[in-house]
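Each of the two chains sits in its own frame; use the hints to bring them together as a complex.
What follows is each chain in one-letter form.
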Amino acid sequence: QSALTQPASVSGSPGQSITISCTGTSNDVGAYNYVSWYQQHPGEAPQLMIFDVTSRPSGVSDRFSGSKSGNTASLTISGLQAEDEADYYCTSYTTTTTWVFGGGTKLTVL
Amino acid sequence: QVQLVQSGAEVQKPGASVKVSCKASGYTFSTFYMHWVRQAPGQGLEWMGRINPTGDATDYAQKFQGRVTVTRDTPASTVYMELRSLRSEDTAVYYCVRDGHHWNFDYWGQGTLVTVSS
Numbered sequence: 001q002s003a004l005t006q007p008a009s010v011s012g013s014p015g016q017s018i019t020i021s022c023t024g025t026s027n028d029v030g031a032y033n034y035v036s037w038y039q040q041h042p043g044e045a046p047q048l049m050i051f052d053v054t055s056r057p058s059g060v061s062d063r064f065s066g067s068k069s070g071n072t073a074s075l076t077i078s079g080l081q082a083e084d085e086a087d088y089y090c091t092s093y094t095t096t097t098t099w100v101f102g103g104g105t106k107l108t109v110l
Numbered sequence: 001q002v003q004l005v006q007s008g009a010e011v012q013k014p015g016a017s018v019k020v021s022c023k024a025s026g027y028t029f030s031t032f033y034m035h036w037v038r039q040a041p042g043q044g045l046e047w048m049g050r051i052n053p054t055g056d057a058t059d060y061a062q063k064f065q066g067r068v069t070v071t072r073d074t075p076a077s078t079v080y081m082e083l084r085s086l087r088s089e090d091t092a093v094y095y096c097v098r099d100g101h102h103w104n105f106d107y108w109g110q111g112t113l114v115t116v117s118s
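Chains A and C supply the protein sequences, listed in that same order.
Sequential numbering of the first sequence, starting at 1, is according to the working numbering.
Sequential numbering of the second sequence, starting at 1, is according to the working numbering.
The following block holds chain C by itself, in its conformation from the complex (with noise of 0.2 Å):
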């Protein structure tokens, strides 16, 4: 069966940088494209950026652009978001995503709260 699992929560001073892992397995991780998404307590779904099976592609929301990286390890099966320049309204549980192949969202991991304080 599909399985996303994800790094631990993290807590980040304003500034820095953080860097969620998300592996996968129970499919051809290669043929996949993989999002992020992330959630603030309380609100809503933001979709922030993804990568193309191969590796050699992103598109990122214009709000995240140039703060945040998504890179894949083809065979380690395994997904990274790095947020950069971090602030406190970055405090969010972020999830990665599986695109299955419609352009949808079919499976995610168990979310990784990112907390951001001083």
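Isolated chain A, as found in the complex (with noise of 0.2 Å):
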């Protein structure tokens, strides 16, 4: 299983909105809404943002919010603050009963 594909990095300044792709195939992001995403701050457990594709569990700022289309999700932060600075990671469930993380995605707030 190939890892999903993410952008190495991407940047924004505070206050505007940022969006992160994760791109996989009709065997993980197309085949289920069961993507996730994870923020991961240096030398920290990475933390649930976004479960589902579209759903924030409680206690995570509705700046952040996903979504798909076809083989692609995406994670976009408006608004952004310099506390968004982190590396950010998608995960897919697939039609292996497996899961599959992208590469990581570091966001540099400007």
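Think of the hints as simulated: they come from the structure by calculation, not from any bench.
Idealized CB from N, CA, C, for every residue including glycine.
Hints are supplied without guarantee of correctness; some may be wrong.
[As the list claims (entries may be wrong)] As a list, the in silico SDA-like pairs of lysine to any residue whose alpha-carbon atoms are at most 20 Å apart:
(1) K13/C with T98/A
(2) K63/C with Q47/A
(3) K63/C with G103/A
(4) K106/A with K63/C
(5) K106/A with K23/C
(6) K23/C with R63/A
(7) K63/C with T96/A
(8) K106/A with P41/C
(9) K63/C with T94/A
[Said to hold, decoys possible] Incomplete in silico selection of chain A near chain C, CB under 8 Å:
(10) A45
(11) F51
(12) D52
(13) P57
(14) F64
(15) Y93
(16) T98
(17) W99
(18) V100
(19) F101
(20) G103
(21) G104
[Unchecked claim] Across the chosen pairs, the derived CB separations fall in these ranges:
(22) T54/A with T58/C: 26 to 32 Å
(23) S85/C with S26/A: 30 to 36 Å
(24) T54/A with A57/C: 27 to 33 Å
(25) A16/C with S13/A: 48 to 54 Å
(26) G44/C with T54/A: 19 to 25 Å
Written out as structure tokens, the structure reads:
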């Protein structure tokens, strides 16, 4: 199972919006609505930000939103804040009853 | 509150095995799947495998098939991950993770650093 494809890095200024893409195949992202997104600050464990493509766990800011079209899922962060600077990972359940992660995207808030 | 507390850091020699534990609290352990995810230094996340709530079914990433075993002890609310035939590329932080009933990873342990070095 190949890793999902994410851009290595994205950047934005405070207050702006950014979108991180996550491209898979018809055997993972395109097969189910089981795409989730994780935020990881240096030295910390990842934190769930989005699940089931578009749902937010309680406590996660509504500045974070998710979407999917075909084999590509996306995470959008609006109203960028300094605290959003982190690594972001997507993951998807697959048709072989396994999970696959994206390679990760480093978000820099300028 | 949900807590996943993992065992401490390990240093192992190539060819050896390691078994990492993860004790859960704050929820009904017997009703949730549990996963293991690892992260090599400076690298991304990698899914390794999972175990069902009753402990009688597992799924593993093809990459680790035959080398990893995930088990659970329900009375002790603890899940284990054993990785055998260790090599230097297995040096990583290993996380136990709860599956939040939506095929996602809603709670993470603090991570256990496993270093493989001669």
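Consistency of the hints with the structure:
{"no.": "1", "hint": "K13/C with T98/A", "result": "29 Å, violated"}
{"no.": "2", "hint": "K63/C with Q47/A", "result": "25 Å, violated"}
{"no.": "3", "hint": "K63/C with G103/A", "result": "16 Å, holds"}
{"no.": "4", "hint": "K106/A with K63/C", "result": "26 Å, violated"}
{"no.": "5", "hint": "K106/A with K23/C", "result": "31 Å, violated"}
{"no.": "6", "hint": "K23/C with R63/A", "result": "33 Å, violated"}
{"no.": "7", "hint": "K63/C with T96/A", "result": "13 Å, holds"}
{"no.": "8", "hint": "K106/A with P41/C", "result": "15 Å, holds"}
{"no.": "9", "hint": "K63/C with T94/A", "result": "15 Å, holds"}
{"no.": "10", "hint": "A45", "result": "4 Å, holds"}
{"no.": "11", "hint": "F51", "result": "4 Å, holds"}
{"no.": "12", "hint": "D52", "result": "5 Å, holds"}
{"no.": "13", "hint": "P57", "result": "7 Å, holds"}
{"no.": "14", "hint": "F64", "result": "14 Å, violated"}
{"no.": "15", "hint": "Y93", "result": "5 Å, holds"}
{"no.": "16", "hint": "T98", "result": "6 Å, holds"}
{"no.": "17", "hint": "W99", "result": "4 Å, holds"}
{"no.": "18", "hint": "V100", "result": "7 Å, holds"}
{"no.": "19", "hint": "F101", "result": "5 Å, holds"}
{"no.": "20", "hint": "G103", "result": "5 Å, holds"}
{"no.": "21", "hint": "G104", "result": "4 Å, holds"}
{"no.": "22", "hint": "T54/A with T58/C: 26 to 32 Å", "result": "30 Å, holds"}
{"no.": "23", "hint": "S85/C with S26/A: 30 to 36 Å", "result": "34 Å, holds"}
{"no.": "24", "hint": "T54/A with A57/C: 27 to 33 Å", "result": "29 Å, holds"}
{"no.": "25", "hint": "A16/C with S13/A: 48 to 54 Å", "result": "49 Å, holds"}
{"no.": "26", "hint": "G44/C with T54/A: 19 to 25 Å", "result": "23 Å, holds"}
Checked against the numbered hints given earlier, the structure breaks hints 1, 2, 4, 5, 6, 14 and satisfies all the rest.
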